[in-house]
Amino acid sequence: MERDPWTAKLSEYLDGELAANERAAVERHLAACPTCTAVLAELRAVAERARRLAAREPATDLWPGIARRLAPRPAVATGLEPRAGRRRWSFSLPELAAAALVLVAASGGAAWWLAERRPPVARPVPAVAPGPTPIPAAAEADYDRAVADLERVLAAGRGTLDTATVRVLERNLAIIDRAIADARRALAADPASAYLNAHLARTLRLKLDLLRRAAALAARS
Amino acid sequence: MLLALTLTALAGTQQIDTTLAARQGQRLELSAPAGEIAVGTWSRDAVRIQATPSGGARVEIDESPRELSVRSPGRHGRVSYRITVPPWMPLGLSGVNTSITVDGVEGPVSAETVDGDVSLKGGSGVVSLRSVQGDVSLEGAKGRIDASSVNSDVTVRDVSGDVQVQTVNGDLRLERVQSGNVDANTVNGDVSYDGAIRPDGRYRLVTHNGDLTVAVPDGADALVTVSTFQGDFASDFPLAFRERRGRRMELTLGRGTARVELESFQGTIHLKRAGPARPESSESP
Chain A
1 MERDPWTAKL SEYLDGELAA NERAAVERHL AACPTCTAVL AELRAVAERA RRLAAREPAT
61 DLWPGIARRL APRPAVATGL EPRAGRRRWS FSLPELAAAA LVLVAASGGA AWWLAERRPP
121 VARPVPAVAP GPTPIPAAAE ADYDRAVADL ERVLAAGRGT LDTATVRVLE RNLAIIDRAI
181 ADARRALAAD PASAYLNAHL ARTLRLKLDL LRRAAALAAR S
Chain B
1 MLLALTLTAL AGTQQIDTTL AARQGQRLEL SAPAGEIAVG TWSRDAVRIQ ATPSGGARVE
61 IDESPRELSV RSPGRHGRVS YRITVPPWMP LGLSGVNTSI TVDGVEGPVS AETVDGDVSL
121 KGGSGVVSLR SVQGDVSLEG AKGRIDASSV NSDVTVRDVS GDVQVQTVNG DLRLERVQSG
181 NVDANTVNGD VSYDGAIRPD GRYRLVTHNG DLTVAVPDGA DALVTVSTFQ GDFASDFPLA
241 FRERRGRRME LTLGRGTARV ELESFQGTIH LKRAGPARPE SSESP
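First to last, the protein sequences are chains A and B. Quick note, the first sequence lines up with residues 1 to 221 if you use the numbering used here. Quick note, the second sequence lines up with residues 1 to 285 if you use the numbering used here.
Bear in mind the hints are in silico, worked out from the structure with no lab data behind them. Errors might be hidden in some of the hints.
Cβ-to-Cβ under 8 Å is the rule here; a few derived chain A residues that face chain B [as the list claims (entries may be wrong)]: (1) 14; (2) 27; (3) 147; (4) 148; (5) 164; (6) 165; (7) 166; (8) 195; (9) 199; (10) 202; (11) 203; (12) 216.
Beyond 12 Å from chain B on every Cβ pair, some chain A residues (computed) [stated by the list, open to error]: (13) 13; (14) 19; (15) 30; (16) 32; (17) 33; (18) 37; (19) 137; (20) 141; (21) 158; (22) 171; (23) 186; (24) 190.
The beta carbon of each residue, even a glycine, is placed where N, CA and C say it ideally should be.
Turn these sequences into a full structure, and let the hints guide you.
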């Protein structure tokens with residue numbers, strides 16, 4: 001299969017990451033290439049949905065909840081010693097996982113990097129760990145929409161991928177789906193588990209990552 | 001201003017062997033839809049391109065002050081590339097049905113293929129290796145490391161810097177890693193880690209359906225969090241948990257300053273001492 005160097009640049013073009021001369025070159029090419037124009041339109045549609053998700057999610061119910069839970073709380077009698085002064089990443093709250101899930105669904109690798117590799121705060125953990133809550137239904141709905149978008153892009157470009165590659169991608173998506181089903185079943189039995197909530201969110205993110213990658217492969221093949 | 005140089009090799013009849021001057025700051029971009037890419041180094045500030053096309057493949061070379069671009073346009077044929085570059089030269093290598101091998105470089109490397117192995121010795125700065133259905137291996141890199149496959153294994157050894165490794169259906173092996181920031185995630189495979197646990201480090205190792213083994217060096221100061229649903233936990237260390245709630249346990253080693261998060265949904269998590277040791281105890285969470 002031929003890898004078109006122009007389609008490979010479309011994502012950067014869309015993100016405004018190209019130098020001025022590269023941007024001009026892409027625009028000249030777009031003017032003459034209906035295929036790349038169509039691919040760009042698909043990417044733009046996904047990005048637009050992503051922007052709507054990103055704009056909506058942190059502004060509504062997730063971040064205030066996260067912030068509340070991350071704020072230091074007075075110690076109460078629990079039998080656990082205070083941990084003041086010890087540094088700890090705030091990483092596994094279900095809300096944070098859900099926020100990361102939505103963000104990665106929304107805006108791709110950069111959001112993943114921010115959510116996953118650079119947690120927004122690092123501060124002493126509260127004396128009482130906040131009670132875990134399930135991933136909000138709204139976040140899962142956003143996830144479902146993002147998956148549907150990516151599956152649509154992938155389906156449109158499926159014919160351009162090698163059949164062996166398609167089989168591998170499908171097999172691995174099925175592996176992830178089984179893991180998601182495992183996590184959901186476990187959560188049904190133990191909905192308060194912070195680990196299971198975080199695990200589910202992480203596995204959902206992995207599916208989005210793979211779908212995004214598959215869609216990119218299809219677009220440029 | 002772009003200086004374009006195009007060399008065309010006719011199918012099966014002509015090999016390319018050309019050497020071009022390399023300017024500091026110039027990057028090599030090489031794209032080969034099918035075939036092999038092998039990159040080595042020499043001490044000259046020049047790039048030698050040896051290409052053997054077959055099956056109707058062509059080779060095009062474009063040169064600008066910022067980039068030396070080598071590509072094989074068209075859907076037919078294969079090209080076997082042997083490229084020699086100065087060690088400092090950043091590389092961007094890509095393919096589809098292509099294997100990629102790089103040895104001895106000292107700069108940033110991006111290598112991506114769909115069906116083929118990716119192997120790199122060396123590299124620094126941003127190092128990104130990706131394959132869909134091929135093994136990915138990395139040795140001796142320094143910097144921000146991102147190595148991933150989908151349907152195969154990922155191995156990194158003797159690396160330093162931020163390390164992120166991922167696959168879906170394969171094992172992750174991290175050996176002799178010097179890092180304060182490690183993130184390893186697979187769904188259907190084992191994870192092993194043998195490397196530094198820095199006092200301010202953060203290490204997250206995750207599998208869904210596989211075993212997870214971490215070799216902890218002597219004197220490590222870490223708060224180890226072990227999470228599983230249906231798996232087991234084995235430890236070479238005395239089980240003095242500071243907290244245990246449900247399927248999540250915390251174990252403090254030394255001053256407990258580093259964060260080590262170990263998760264396996266349904267496999268065995270083994271915390272072992274670096275070097276040969278026998279488990280002192282085991283427990284199912």
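Hint by hint, here is what the structure shows:
| no. | hint | verdict |
| --- | --- | --- |
| 1 | 14 | 19 Å, violated |
| 2 | 27 | 16 Å, violated |
| 3 | 147 | 16 Å, violated |
| 4 | 148 | 20 Å, violated |
| 5 | 164 | 7 Å, holds |
| 6 | 165 | 6 Å, holds |
| 7 | 166 | 11 Å, violated |
| 8 | 195 | 4 Å, holds |
| 9 | 199 | 6 Å, holds |
| 10 | 202 | 7 Å, holds |
| 11 | 203 | 7 Å, holds |
| 12 | 216 | 10 Å, violated |
| 13 | 13 | 16 Å, holds |
| 14 | 19 | 9 Å, violated |
| 15 | 30 | 19 Å, holds |
| 16 | 32 | 16 Å, holds |
| 17 | 33 | 14 Å, holds |
| 18 | 37 | 20 Å, holds |
| 19 | 137 | 22 Å, holds |
| 20 | 141 | 23 Å, holds |
| 21 | 158 | 14 Å, holds |
| 22 | 171 | 7 Å, violated |
| 23 | 186 | 5 Å, violated |
| 24 | 190 | 7 Å, violated |
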